[in-house]
Amino acid sequence: MAAVFDKPSVRQRLTPMLQGFDGPLAFAVFLLACAGLLTMYSSGYDHGVRFYDHARNMVLAGSIMFVVAQVPPQRLMSFAVPLYVVGVGLLIAVALFGITKKGARRWINLGVVIQPSEILKIAMPLMLAWWFQKREGQLRPLDYLVAGALLAVPVGLIVKQPDLGTAVLVLTAGMAVIFFAGLSWKLIIPPVVLGIVAVVLVVSFEPMLCADGYRWPVLHDYQQQRICTLLDPTKDPLGKGFHIIQGMIAIGSGGLFGKGFMQGTQTHLEFIPERTTDFIFAAYSEEFGLLGNLFLIASFLFLVLRGLAIAIEAPTLFARLLAGAITMIFFTYAFVNMGMVSGILPVVGVPLPFISYGGTAMVTLGLGLGILMSISKSKRLVQS
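Residue numbers in the sequence shown follow the working numbering, run continuously in steps of one, and reach 818 at the last position.
It is possible that some hints are incorrect.
[As the list claims (entries may be wrong)] Within a straight-line C-alpha distance of at most 27 Å, the following computed BS3-like cross-link-like pairs (lysine-lysine) qualify:
no.: 1; residue 1: Lys568; residue 2: Lys535
no.: 2; residue 1: Lys536; residue 2: Lys674
no.: 3; residue 1: Lys535; residue 2: Lys620
no.: 4; residue 1: Lys536; residue 2: Lys669
no.: 5; residue 1: Lys594; residue 2: Lys536
no.: 6; residue 1: Lys594; residue 2: Lys674
no.: 7; residue 1: Lys594; residue 2: Lys535
Hints were generated in silico from the structure; no laboratory data involved. Because the structure is a prediction, the values reported are computed rather than measured.
Could you put the whole structure together from the sequences, leaning on the hints where they help?
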């Protein structure tokens, strides 16, 4: 009889799971989730069940976050090598006999069609954080070269598909780990300077480089067209420049306060292409204006700063590197999406976190948030 009365209640069983959850990080995610649901209802209400699917994806991401948050960072480290090997193996399989859609070979059928490059968004920082953790206190230049090779293999395979957006995200995550591991500024500054010089030269010689019939080495034709369209979208306003022009019109027409919820003319008259996915920021800007944009940017900055704070306070090198890299993924998602919709970056397939529709991206976000929660939780347990 006593055993029955001593049985812990549901609340008592759940309390240890909820303890240590990072409140500020959860609050930032809550703000962004609310903005996402509001925007999706307006821009996607005539897309059948898109709003309900978006809400379902958010619930799925939240569930994944909750489960992953229960896994300690030491346990996460044991998944690094297997996940990386499986991810690279699947990328090679895609290159050999993957499914091609719209000129891109990015998917593979394993009973269910999957996009293996998504795995590397998490597997890449996990692998590099594991690599540097194993060499803590005895890092040599060769270790950074090996890390660069580990990063170059999946990035090269993803670029070949081609999928420039995912390649940028994987590259950012990997470079963040290498940078936070202590890469010397002497090795960072030269590539940055070369990049700035290259941008200046491309802008300066744009009339010649983007002339009809001129072909750039290395880049695919569609990549060259995206850069030329970015430099001057008015050359083909009803074709390749349509996305950028309509996005900028929608953002500008929102003014200071926006046109109001569900009142966006560019959005609802279907001038904005992909208004529930890659270009949803334009739909949001039209209806909520500059003040709404400032709120959204502030929410993303709050999330990024909180993620960096978790990284700084993490108890191990592996946890610090992993938290920093995951945080930079969130920053890159937001920066690249807002930049391409605003016409300051080429158009690539990068969604806006928590705002854009997409199940695979939402799962990746849930995994990333769960890892950050796990690292924050481990820090609190160590302090207690």
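Structure versus earlier hints - violations, ascending order
1, 3
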